[in-house]
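Chemist: Sequence:
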Amino acid sequence: MRFEGKVAIVTGAASKHGIGRQIVMTLANQGANVVVADMDYEGAKEVAQLVKEMGRDSLAVQVNVADEDSVQAMVKAADDKFGRIDILCNNAGITQPIKTVDMTKDDFMKIINVNLLGTFLCSKAVIPYMAKNKYGRIVNTSSVSGKRGGGVYGGSHYSAAKAGILGFAKALAREVVTDGITVNSVCPGLVATDIRKGLSDEKEREIWKTIPMLRPGTAQEVADAIVFLASDEASYITGEDIDVNGGSHMD
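Be aware that the sequence shown starts at 28, since it is given in my numbering, and climbs by one per residue.
Please note: incorrect hints may appear among the correct ones.
[Stated by the list, open to error] Listed below are the simulated DSSO-like cross-link pairs for lysine-lysine, each with C-alpha atoms no more than 27 Å apart in a straight line:
(1) K159 x K103
(2) K132 x K72
(3) K132 x K151
(4) K79 x K137
(5) K137 x K151
(6) K137 x K197
Note that these hints are calculated values from the structure, not bench results. Here the structure is a predicted model, which is why all the values come from computation and not from measurement.
I would like the entire structure built from these sequences, with the hints used as guidance.
Modeler: See below:
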């Protein structure tokens, strides 16, 4: 199978309708053993059990991606159990629909810390393990908001964090390429997940009109793009970001 013998860490993987869970299930379906990481430990354990029922090994880990000690503990637990780390999917993220004028410093830093700092801390933590084997795939979940400055959901702090992920990923890709590690990102648009709960029905219909495909994406459609970038078929792709947004943003 595509990921037979590979070990993947997926952060933000516990939500019942989230992209993270679909990443986990898609990787496991194609042969990977998966570390299911989330603040919601009970949810992570539920997803990890589903992986085991598919005949793959898994480990549930409670992690705060904005806390370096927590991230280091997650990565150590993964290595202790599996002896290798091949794939990191930086999927953990939060948003907040708020205008800048109403935003506090704490609001701003909370969004930056989970989305951008978390991507940095998790990436930094896995690089030595990947470099040791001269193989690694890091795939980040950014957003169309990071390219177009909002317009979907979340405030300016969310757009800033997601844009920061893209710049960070490109710079990191240059640093680690000689270690056999690729670093890429995906930029979802409106996706039918729990993160969009803050949108009113009216606001969501307005967004639909800006999408050439006239519908939101599914978690599976985004997960498929992420899993491709994590595969050997994407071995000559690094420092790239792929739009998965129904045409709502075209460079």
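Chemist: Take a quick look at whether K137 and K151 sit within 27 Å of each other, Cα to Cα.
Modeler: 20 Å, holds
Chemist: Is the Cα-Cα distance between K159 and K103 27 Å or less?
Modeler: 14 Å, holds
Chemist: Taking only the CA atoms, is the gap from K79 to K137 under or equal to 27 Å?
Modeler: 34 Å, violated
Chemist: Against the 27 Å threshold, does the CA-CA distance of K132 and K72 hold or violate the hint?
Modeler: Violated. K132 to K72 sits at ~34 Å, over the 27 Å cutoff.
Chemist: Is it true that the CA of K132 sits at most 27 Å from the CA of K151?
Modeler: 26 Å, holds
Chemist: For a C-alpha distance cap of 27 Å, please report whether K137 and K197 respect it.
Modeler: Measuring from Cα to Cα gives roughly 23 Å; hence the hint holds.
The structure does not agree with the numbered hints 2 and 4 stated previously, though it agrees with the rest.
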